[in-house]
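**Student:** Given the coordinates of chain H, assemble chain X onto it according to the supplied hints.
Heads up: the protein sequence lines correspond to chains H and X, in order.
Under UniProt numbering, the first residue of the first sequence carries the number 1, and numbering increases by one thereafter.
Under UniProt numbering, the first residue of the second sequence carries the number 1, and numbering increases by one thereafter.
To be clear, the hints were calculated from the coordinates, so they are not data collected in a lab.
In this text, a Cβ means the ideal position worked out from N, Cα and C, and glycines have one as well.
Accuracy of the hints is not assured; some may be wrong.
So these bits of chain X aren't anywhere near chain H, every CB distance computed over 12 Å [as the list claims (entries may be wrong)]:
#, residue
1, Glu73
2, Ser100
3, Gln106
4, Ile210
5, Val249
Calculated Cβ distances over 12 Å to all of chain X for the following chain H residues [unchecked claim]:
#, residue
6, Ile224
7, Val231
8, Glu461
BS3-like cross-link-like pairs, simulated, lysine-lysine; straight-line CA separation at most 30 Å [what the hints assert, rightly or not]:
#, chain 1, residue 1, chain 2, residue 2
9, X, Lys221, H, Lys475
10, H, Lys478, H, Lys406
11, H, Lys406, X, Lys103
12, X, Lys244, H, Lys343
13, H, Lys579, H, Lys53
14, H, Lys357, X, Lys221
15, X, Lys149, H, Lys357
16, H, Lys475, X, Lys103
17, H, Lys242, H, Lys343
18, H, Lys478, X, Lys221
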Amino acid sequence: MSRIGVFICHCGENISRTVDVERVAAQVGTLPGVAFSTDYKYMCSDPGQGLLKKAIQEQRLSHVVVAACSPRMHEKTFRKAVESAGLNPFLCEMANIREHCSWVHEDREEATQKAIEIVGMMVERVKKNRVLPTITVPVTKRSLVIGGGIAGIQAALDIADCGHEVVLVEREPSIGGHMAQLSETFPTLDCSQCIMTPKMVDVANHPKIKLYTYAEIEHVEGYIGNFQVTVRKKARSVDEDKCTGCGVCMTKCPQKKIPNTFDRNLGMRPAIYVPFPQAVPNTPVIDRENCTKFKTGKCGVCQKVCGPGAVDYEQEDQLIVEPVGAIVVATGFDLYSIEEKPKGSPIKGYGEFGHGKIPDVIDGMTFERLASASGPTGGKILRPSDGREPKQIVFIQCVGSRAREKGISYCSKICCMYTAKHTMLYHHKVHDGQAYVFFMDARTPGKSYDEFWRRSIEEEEAVYIRGMVSRLYQKGDKIVVMGSDIAVGVQVEIEADMVVLATAVQPQKGADTLAQKLGISYDKYHFYSEAHAKLRPVECATAGIYLAGACQGPKDIPDTVSQASAAAAKVMTLFAKDKLEREPIVAKVREAGCVGCFYCRKVCPYGAVEEKEIRDRQGNLIKVVAYVNPGVCGGCGTCQATCPSKSVELDGYTDEQIVAMIESL
Amino acid sequence: MTPKKTLNYAYYPGCSLHASAGEYDLSTRELFKKLNIGLTEVPDWFCCGATPAHNVDELLSLSLCAKNLELAEQVEGDLAVACAACFSRLKTTQHVLSESDVKRRQVEKAIDAPVPLTGNVKHLLDILARDLGLEQLEQAVTKPLAGLKVACYYGCLLTRPTDVPNLDCVEAPTIMEDILKAAGAETVAWSHRMECCGANFTLSRPGVVIQLSHAILDSAKEAGADCIMVACPLCHGNLDIRQKEIEGVYNTEYAMPVFYITQLVGLATGLGADKLGLDALIVNPMPLLKEKQLL
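Next comes chain H alone, as it looks inside the complex (with noise of 0.2 Å):
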C-alpha cells in the first residue's frame, strides 16, 4: 500500500494568485493511497524542503508529489531532499501547477479544479514508480573547443593548463577571431593586436592543446563524458608540416585581386594567403575558388617557387574522429548588414540608408581596420571611395538593434562603448576633424565604462546628438545625413564625408545547423540558449556541453574572456570525478516480446541499440534481440513509441505509468 505525500507550493504568489493552494491540499488528501497532504508558500526553500524530509520521516511516506513549478526548474532540488531523506529520488514526481495553470489561467474556480487534476494525475503516476538505481558512465577527460576567437582560446589555455588535452577547432585558416580584427580596445585603449597574439602564439606552443584550423565540425554522437566527434579538415593543399611559413608564394602568386575579407574588403590579398601577418598557424591556404590552378589548370607558381615542397594541390579534406568528454562552444557573432535582404526574410535591410550601396557609409568593423596599424591604410582614416580624409563623420548607433521593425529586438551591449572608443581614434588621427554620434541611449554599465563614455564628449570633442537619423542620401562627395535631435526638438542635416554605422551583433553565419548537430537549443535569432539565464548561464540544457562568448548573446571582451573561463570551469568540474553519474531514464527492452525487427535501432538518434543473441541452456540460438546500452540512451522515449510488439519501455515513463495519468481524469 502506497503512502503518499503531496506537497502544494504557493511559489509566493505565483501560484496561490489563482489557485486556491489549500483546497487543493485538502482535496488531494482524500484520493486512495495519499498518507499527507500539506501547502507551504515556499516549497524549494530550506524550510519548505525540511518540511518534505521530516514528512517523509515522520509520516513513512513511500512516493512523493511536489506540486509547483515546472521539472525543469526543481525537479533536482526535490530528489535531492527525498534522496537525503531516504527514499529513492525517482519515487519523486512533479506536478506542473505553475507553467501549466496559474500562470496561464485568470478564473480562480477553473484553475483550482484544473491544479486538483494535474495532482490527482501526478499521484497515480506516482504509485507505479519503480526504484531506479543510478548509473555510473565513465569520462573521457578530453575537451573539445569549438571557436578560435578570444572565448576559444581563453577556454582552450584554461583546460589545458589543468593539465587536459584540448581539441581546438577553428573555421577559418587562422585563430583570433574578431578580436584580431580589432585596432585599440575600450575602455584602456590598450592595443587589441599586442594583447591578443602572445594568447595565439600560447595555444600554438601548448602541449595539451591540439590545433585545428580551417576545420569545421561534421558530426557529433554520443552524450556527456563519451562525444565522438568527426572534424572536417578542409583541404589547406599546403602541407602544414613541411610549411615553413616564409612567404614567398603570397608574393609571387600572379592573382592578387581578391578582396580581403580580413580587411572588410578594403585590401586586396592573393589567391595563396594567411588572414594577416600575424596568423597562427602561419601557414598559407589556398583559395581554391578563386585560384588561376584550380579554375583553369593553369599557372602552378606558388609550388615552383615553394622551398620545402609543402604546396600540395592534390590534398583532399580529411575526417578525423576525436573522442572527448566535453564541449564548449564559441563560435562567437557576425555583423548585421544593411544590404537588402531576401524577400520574406524576417530581417530586414536599410533601403533609407542606401542599401549598403553608398560607398562611404562603412560599419563598425571596418572603420576598426582603417584605425588598425596594421590595417589597410596603416591605420589612417581615409575614406573608401577616393582615399580623403574625412574631416565631418557621422556615427549612427542601434542599426538593427532595438529595432523591432527590422526584425532585431535586442541591444546589441558593445556598439556604445566602441562608437564612443571610435570617436576617440578618430580625434588622436583626425586632428581638424569633428565627430557627431547620432544615438538612442548610452549603455554603459561596466568598470569604468561611464568614465571612457564622457571622455569622448568632454575631452574629445564628439558631439552627440540624442535622436535617430532617418536617411542617408549621396549628395556630391558628401552623405547627407538627416536626422532629429529630440533633446531640442528640431530637424538635423549634416554632410558627412564618411558615416560609420554601429550595426548589430549577430550569432555566427551557420550557427543553427551547427546547434543541430551538438543537440542544443537555441533562440529565434540563433543564439544559444544556456540552462538558465541566471543560474547556469555557461551550460547547455544538453549536458557536457558549455557556452563562451558572442554565440550566447552580444558580449563585450572582459565578459566573454569571463564567462570562457567559467566554461573551462565547468569542464574542470567535471573532469574531477572518474565516474560520472547520470539519471537512469532510459529505456529496457522486455526481452520476451521482441521479435528482433530492429526499428527501434533505426529510430534511435543516440545508436544506443545493440542486438543480444538468446540462448537455450544447450547453448543453441533461440532469437536475436535488441539490447540498450544504457551508457549510451538519452531517454528520449523514441523506441518506445515505435515498438511494434510494445516490448521496449522507458523507465520512469512506463505505458502503465501515462495510461494511470489518464485513467485518473
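**Tutor:** Chain X alone, transformed into the frame defined by chain H:
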C-alpha cells in the same frame, strides 16, 4: 505568347480625381480602356476621410473606408484605387480591422453591415506592374518614351504605413521605375524619391510645403530629370500647382512638368494629349514633349 488575361476592376476614384485631379481620372480611364482592362466605378462611393479624418476620430475614419469597401463589393473584381492617400487609408482600414475584433465590431455597428476584409485593394501601379505584367505592358507600348528622363516620385503614402502589407519595399521601392522602363523612358537615380512634399499642409502651412517641395524639385533637377512622375493628386498639387510660387521664393527656374503615371504610360501607348488631360497641367509639358518628339 501568353494568352491575354481579362482584367476587370471595381474603380474607386476618390474625391480629388473628381475635382482638382480630373486629368488623373481621365487618363486612368483612357489608359485602362486602351489596355483592355475593365473599370467599373463603385456606385455611390464617397470620401475615404483622407488625412483629416484619422487625425480627428479613428472610428469615423475606419467607418468611412469600411463603408466604401462594403459598397465596392457590389462590383465584381478587386478594388482599383488611383489616389495614394485613398489607397493607404483603405489598406490601413482592412489591416486594422482584421487585427482587432473590438474595432471591427464597432465599425460594423456604425455602418450597419459586415466589413469585407478579404477583398484586394490595389493601386494602379500594382495593376499595371503585376496583374497586367510588365511584359504585357511593354507589348502595348507603341510610342516608347525614348530619351525622356523621368524622376519617379513616390511620396509618403504609397508604401506606408510600414506595418500594413503594402505595394513595394517601404524604403527603396522600384515599381514606378519598372513601369516606366517598360514604357521606354529613362529613369534617373535621385535622392528625394521618398521625401514628403508637405501634403495637406498646402492650405494651412504653405511655407512648409514650399520648403519641402523645393527640395524635391531641386533634387530632381540636379539628377538631370526632364520631368517628375507622381501617382498622388496631393503630391501633384504641391509640385505642379505651387511650382511657379516656389520658383519665385527661391529665385530659380525649374519648368519641370509633373505628370501622372497614367499620362506618361498613356503617351507611350499612343494616346493623344486630349485623352490624357495634358492641358490641365499647370507647368506646360508641351515644349518638353515636342522637343523629345513624343507628341
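**Student:** Tell me, in ascending order, the numbers of any earlier hints that this structure violates.
**Tutor:** The structure conflicts with hints 12, 16 and 17, although it agrees with all the remaining ones.
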